[in-house]
Structures are given as structure tokens and as C-alpha cells.
Amino acid sequence: MINPIEILTPDLLLNGTLYDLQGNALTLQQGSKNTLSGGFEAVFPSSVQADKVLIKNTSLEDLSIYYKVQSEAEYILMENASVFLSGKDMLITFPQVVQAVAFKFVFASESEEYFYSFILLKSLLVLDTVLSSLRPSVFCRGGHHYTAGGNLILWREFCKHGGTLTLENVSSSVKNALAEICAGNLLLTFIFYGGFDLSQSGEYGLAAPLKTELDRSLSLWRAEMELAEK
Amino acid sequence: MKQISTSLSGTLTSNTSSYIKKLLLYPRLWDNSQNKYTDGPACDITPYLISCATVKWKLDNEGYGVWNTAGLPITLTDNAPFLSGQIYGARAEVYCGALCGEIAEYVKIFRGFILREPCFNKEEHSCIIYLSGELALLSSYKAEELSVLHENILISSRPAQSSSSEDNDYLVFTLPSRAVGAVLNVLCGDTSTGIAGATELKEVNSYEVSSLNSYKYPAKITLLKPLAAGKSLWVSYRCWHTDKSIEWAVEQTAALCGYTQNNAEIQSVDYEGLIEAFFKQPSDADFTQGSWDYAEVSSSSVKLPSSFLSAAQYDWHIVHSGNVPVNFTPSSISLGQGTLSNPVSAAAPSEQAYGTWEIETDSLLNEDLQHYFYYVADNEDFRYANGYCFTFTKADYYRVFFSFYKVNSGSLQQMGVKWFDRQTHTDRLTYRISRDENGTVRLFVRPLTPSVDNWIDLGIVFTDNTYTTCTHHIVEFMHCAPNSIYNIRLSPQAALSTGEYAPYGSYLSPVIDGGSGLCAWTDFTASQELNDCSGAFFSRSKNNLQDSWGAWHSLTIGCAPQETGRYLQLKWYAQSDQLQTKSPKLNYWQVDWEGEGVNIAMLNTGGASCKDIITELAVLSGYQIGFTAEGKFFFKHRPALTSPVLTIDKNDILSVESINNGADKLYNRVCVNFGNYSCCIDEFTQQNPRPNLIDKYGVKELVLSSGTLLPAHNANLARACAPAVFREAGKLKKRAAVLCRFLPQIDLGDVISVNYGADLSGNMLVEGLEFDLENWVLRLDLCSWD
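Here the protein sequences line up with chains A and B, keeping their order.
Each residue of the first sequence is one higher than the one before, counting from 1 in the numbering used here.
Each residue of the second sequence is one higher than the one before, counting from 1001 in the numbering used here.
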């Protein structure tokens, strides 16, 4: 199992309503800087299944996660979750899939913390037996002018990651599962394990339908996905 | 220039910038308690923004006094949640800025309103929204609200017992206010039940309205059928404001649209030139609006009254009774048949010690008849009175003696005797005694029988001013009866002759207000028909209404009044001819003045939007109107020479699109037509050295007019306004369009210093701004400012 790729749901927090720990409504600007102290709570209209939390570009070092199975029930502390830190990014994996109607994230420190994205996920598919290659690209809206005096003015408005993910040696069952996932979700979360730089992991949109190709000699599939950062 | 932080300023002028933009939408929420829309919470619509067109702001540089509404189309994704709701009227704000490290800093560069429905492009999954600048919003407010509402005013009540002969008195009703703009409703109902039971009358079917929108006269309502007995009439109407300053009108109009002190910058209007204004009677106020003594006043002229004497209204009582009955009427007293054993006297209270007494009498019917008339007495009993008396006797067949006495505690001291002879006897006569304020007594007599003869002027009899007050007039009959005096007529004016016209009279104009900015009263003109009589003019003034008046000063036609106070009053003193048979006539008079600042006589806002009014007031004053990016309304003077707020040079300028000498936007002749006035100013009237700008570039004329807002006779604003406009528009100003790096801190109307070689350098005014938020460049319309 070398350098697997995990495909997960898009951010589940979008389906819920967020409150800070004082009970005030809260909106997170995913992709922009959010500052918060204490933590926050997400309440869902119906129960959701989740098993991972991805926090990117954050000052957080530790947090406790609680969940509620029923709305009337008490919060249960999540125990034995594994945490992976990479630079300023953090990936938390629950010991098992949790089905809950509410989650509470309590920051370990009492000071104000920031994060650029905080997403709750459920794993859909782990591509561990396929060969994969990722040809990354970056889309930047930007430009440059030369002033009349020859002065260069270089500007950027935003940058987004993207790329072509090519999978080889894909079995029919995996291809079918992949096709099903791609048909049901235009947005997906990808975690690229391996050298484990979490910076490329995150929510991506499928800019083109899944392309598949059957290698008849091996009876295995090749698949290609055009990814564009959300 | 907008205030920005040092860090943002540093980022914006560095070589590398991370530009960001943000759009906030404030949907309107209906507030039931206030019955109006209020701003809802801000909603960040940036995540739905696909593209944003160029944000354009411009001053009125296309044509003087022409105001463009800024507009900004933006393209959003069609799944934005607010698009499905009601977004008409919602406010949107565009911010742009840069990332300073991790911190985003913004400058607000546009504020607009959604006044058109969004346009969806289903193929592209997008939606275009057009944001209109705030000036467009002013068009949606009716300026008519800027008026005074009078509701359910009781105009007339006809008594229940009123007869049909009085019908004509209940047809035409004058409203109690001038400058009435509209009659909203007319209610008629029983006086006893009041307005609650009244029904509304329909215009055309039941009544007509006249004299609307008149500065001078109140409106009139004419019923088609007279108001029935026992009914009352109530009227609701709207009056325009009168005599208001330009800045007051702007303030109130802006307040109607919700721009009050906190979000409005309204500068007062001061012209460098002086305003010329005048007051003319009867066109500005008819003559009945003044006050007068002994004058016959119609709306269009003033004369002396043609009959200055009026019948006496004596309340007689007998003081000494006799054996012969005495009969009274208010203007006569007569003795019945018989011979008196004692003198009979009657007295009537009167305070008239000066003036004219005119009496007809038959006391000459035979030589035994006689009466004494005490025309001034301080006691009802002549035996104790002090004053003056008069009597006359027939000395022989043709001659009549007239004797005047001073009465000192009842004893008579002769003061003068006059007589006349004529070719026939005289039985009855009219005598007219006059006593002027100096105590000079004159006598005029006119024989009545056997034939009516001409008046005989017996001239001045004596002068004495010992007794100046009077409590009674007394008649004492002597000797025989019948004896009567009748047709007693009196006047407080002392006659100088025998005619019926008042000997003199005076008329005072209404108080004329020169305004707080009065500089000087400059001219007086008048037209009077002298008609062998005389008329003289006087003026007086005071600084405050509550002060007492200064002294009267003589005033000559064609000369300026010597007064300096803000409030002026004119007087006409008229005297009849020598015989009192003619009157002079005053046809009009006019006084002119100069002032700084001006009031609008009547603010007729009927049918206009707030934008129309504010635009017109901007033209009137030569001011600029608009909104800052913060949404603050401004009405201010075109910028005076200021030091530049920023310097841009070849390191900021990407390219210069165009440069021209500005001749296409030059106006070397400015003609201003306001109301009845027009004023043209050009290079020749200003005596600029030749070859002047007309010689060089031909005539380029700018015509400004403002007919609807101002009444036709309003102050001569044109004379003050034209030089101000000419000063702005009559200069050749170099113009340039420059593309430069993104500098959102620059505001419209800023003066910036441009340093770009010999062709384009110096201080320039920013007349137009175009922020390109896709390519992050700024286009400036500049105009030289030195």
C-alpha cells in the first residue's frame, strides 16, 4: 500500500448549522482566514456519517471532538482518534465511522485560533492497489503591467490548485465504485497519502466527467480525472 | 482622497500586489412599525461573483449642469440564494483593496442600488445585475412632499338662518394661504355635526379652483351652487414653501430621500456677484396689503377718498330743556314751533377737537332765530365749558355775520368775525368750519336758499391752540323756533377748501424684507398721476422686525433710499388740489436692492422628482452634486484651488490615451435665463484682451435656464450666477485620459499632481474615474487645474 489516494465526501459541515460555544450562529469562510476561540458546534437536521476531519493552514495544535447520536442525548467524547500533522495542516481520523446528529469541536488552547478550512468528511473509497500519477497545475488569476517608465507591476487576485489524476491497474469493481462516486458528486475531497504533504489535499471539483479506458490485455482499467480546487 | 492605512498604501504602490474585491448586498426589509423599508443585514455576495464591469464615476464634464448616473453591471452565478427573493431597491457596495500580509484591507469604491430586475442567462448559469448610482435613486422620490400640508381647514360656515339673498356671499371662498400648490379635497357638511359627517365634493362637478401656484395671491374655491344654510366647508390643501434659501431647499429635498446631516454635506450658496432684487407694488403685493390713512385703496392704485366727510353719529341728550320740543337724529337736531322762554341746549359726546365740521341750517329764516355751535367743549353744559363756539346772525336783509368765540369757563371771548353780502337774502346755508393742528380756523359757507349758490371761502378766521381736547359738541338754541340744523358731517381732517376730496392722505407699503444678505437699497421708482395735486415719497427702515422704525426720510424718484436697515417701508403722502376737487393717483412703486445670497420666492416642486429639484438647484448655484463612494450626498462648490493629494508619474502611468487642449469643452459665452431675467457674459463683456477665446475658437455658448422652480419675478439670480459659471466653464483647460496602476484611494474631484513630461504635467482635477476590477487598472479623466 504505497501512496494511496483516499476519496471522501465534500465538506459535511455545509449540511449543518454552526454555532460557537456561546450558542451564536456562525459562518465559516472556507478558503479564507477564520479566527475563533473555544471551538464550535455543528448540528445536522438528520444524522450524518463521518470519519475524518481535515483542517488546513491552522494555528490549532490539538482539539477534542464530541458527538451526539440523538438530539436529546448527551455529547460523547471521541476517543482514540489518530492525528496527523503536516506543517500547518492537520488530519484527524476517527477510530470508526460515527453516525451523529451533532458534533462539537473544542480547541485545546483557550486563546484565539485561526484556520483557513475546517472540513468534516466521510471516506468513500481508498485507492490503494492502483497505480496513480498526479500532474498538478495551478490556476492563478493575475497579471502584470509595465508602466510607461518600465516599472513592472505584478498582481494576483487568487490561486487555485488543479491537475489531472491518472489511475492505472484499476479493477472493474473499483472502476464501478469510482464511476458511481463521480456520478453522484461533482465535488469530492481527495487526500493524497505518500510523501504526505497535505497541502494538495482538499476539496476538488470534477471539471470533466470521469474518463475510463480498458486495457484489454490486462483486463484492467485506466481512469483519468480532471480536478479543479473548490 | 479616501483615507487608507499606511500598510494598504504601501501595498498598493509596491511592485507586487494581491488585489481583492468584495461585494456586499443589503436587501431591504419592510418595517411595519415605521411603515417603510430599512436596510437588512449585509450579505457577502463575492462567492457568487463571476465578473464585474468597469466602475465609472464622472462629474458633469460632458456638459455643464448635466449629471450622469453611475452604473455598474455585475455578473453572478445564477444559484445565488438572494436572487430568488425580492431584491429590487437593495443596496450593494463594492469594495476593493489588497492583502496586506494576511490581512485584507478594503476601500469602498461604489455604492449602488438594484433598480432593474436581474437578467438571467440560463445557458451560462449566470445572472446580470445592474447597480445604479444613488443619483438615480433620487428620481424615485417625489419632491411634492416638500410642501406644507393643511388638512381639513374650516373655510366657511353659513348660519342656519341665512336667507337666499345672501347666496352670492357663499359662492367664492378664499383660502387663508398664498402659494397653494394643490387642493387635495373639499368637504361639505352640516355645521352641527362637524367634519365627521361631511361628504367630499368632486372637482368640476361641484367646484373650481383658481389662483393655484401664485406667490402673491391665495387660491380661491368657487362652488357651482352656493353653500346651503347651516352647512360648512372644509378644505385640505398643500402650500409650497416660500422665501427659502437654496441650501435650505437642498437640505430639505435631500432629507426627503433620507440624506440628513450625518450623510449629507451641503454647503451654503454664496455668490461673488451681488444679487439684484426688487419689490414692486402692485405686482409683488397688491395695494390692499399695505396700510393707509385717508386713502382710497384698490388692488392696483391708491387715491385720496372722494368724500372725506361722513355723516355724524351723535348721541344727543338735552342739557337745558325748554318749553319747545326738541327732536334728534344722529346727524340733526331740530326745535319745534314756538318761542323759547329759556335757551335750549343739547350735547353729544365727541372727542373731535380738530378737523372739519359741516352743517346745514335754517337758522336764518328770520332774524330772531339763532344757534350757537360749540365745536370744541370740555363739558356738556356750555355754562362751564372751555372750548370754542360759533354763531351767525343776519344783520340786515343781505348781510350775514359769522362770529367765532373762545369759551373760557362758559364766558365768550370773540376771536374773529366774518361776513358776506349778496344780491339776495339767505334763509338756509351750509357752513364748514375747519381747525387744523396749529389751531387755525377757516370758514366756508354756501347759501342754499332761495337758490343754491357757490361756496364762499371766508378764509382764515383766527388761530388759537389753547384748547386741544374735546369731550362734547353742544348746540344751544336761542329765541324762537322752529330752528334746526341737519346733515351734520364730520371729518378728523381739517379742510383747506370746499371740495369733497380728502385734503390729504397717506399710504404705507407692506414691510419689504431685503434679506439677511442685504448690501444696499439701490433705486426707487414710482409712477403717480398728479392731476394738479401733489404727492411725496418717504422711506424708513429698521434692522430687526421687533425694533422700532427709524425716522422717515424724503425719497426722490430715480434715487436710492438712504436707509440701510434690512426692513424697509415706503410712504406716499398725497394732497388734493387747492379746491379739494381732485386727487393724485399712485399707480406703482418699486424699490431695488442688492444682496449677497438669495431666497427662492416660491419652491414649486409640483410634478418634479427630488433629482429634478436638486439638479436645478445645482444649476442655479453652479455647484456640484453627487455622492461619495461612502454614500454621502454632497452639494458643494466646485473645488477651490487646493494642493494635490497625490503625485503620479511614469512609474504609475501605464499609458496616456489622449490629450487635448480642451477647446471642445470650452464655453466662452454663458447665457443664464432665470425667470424674467437673462444675463449673458462672454469674453467681450469681460473685456478680456484680444485676441480672446472667441476670436481664437469661435463662439461656444452655454445656455442655462430654470423656468419651473422659480416664479417669474424672482430675484435676478442670473446676474450673480452667470459670472460664477463663466469663471468655471470659460477657461481653456487641457484634458487628458490616462491609464494608470490601480489606486482606489483617488476620489472624484481630487486634485492630483501629474508628472509625465512636458505635455502632461502640473496639477489636474480628477473629473472621471473608471476602476477596472478585472484587469486592475484605473482610468482617469483629468483636467488641468492651475
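Just to be clear, a hint being listed does not mean it is correct.
As the list claims (entries may be wrong) - Example chain B residues on the side facing chain A (calculated, C-beta under 8 Å, incomplete):
(1) Y1019
(2) T1581
(3) I1653
(4) L1654
(5) R1741
(6) D1772
(7) N1775
(8) V1777
(9) R1779
Calculated directly from the structure, the hints in this document are not laboratory data.
Ideal Cβ positions, reconstructed from N, Cα and C, are used throughout, including at glycine.
Would you list, in rising numerical order, the hints stated earlier that this structure does not obey?
2, 6, 9
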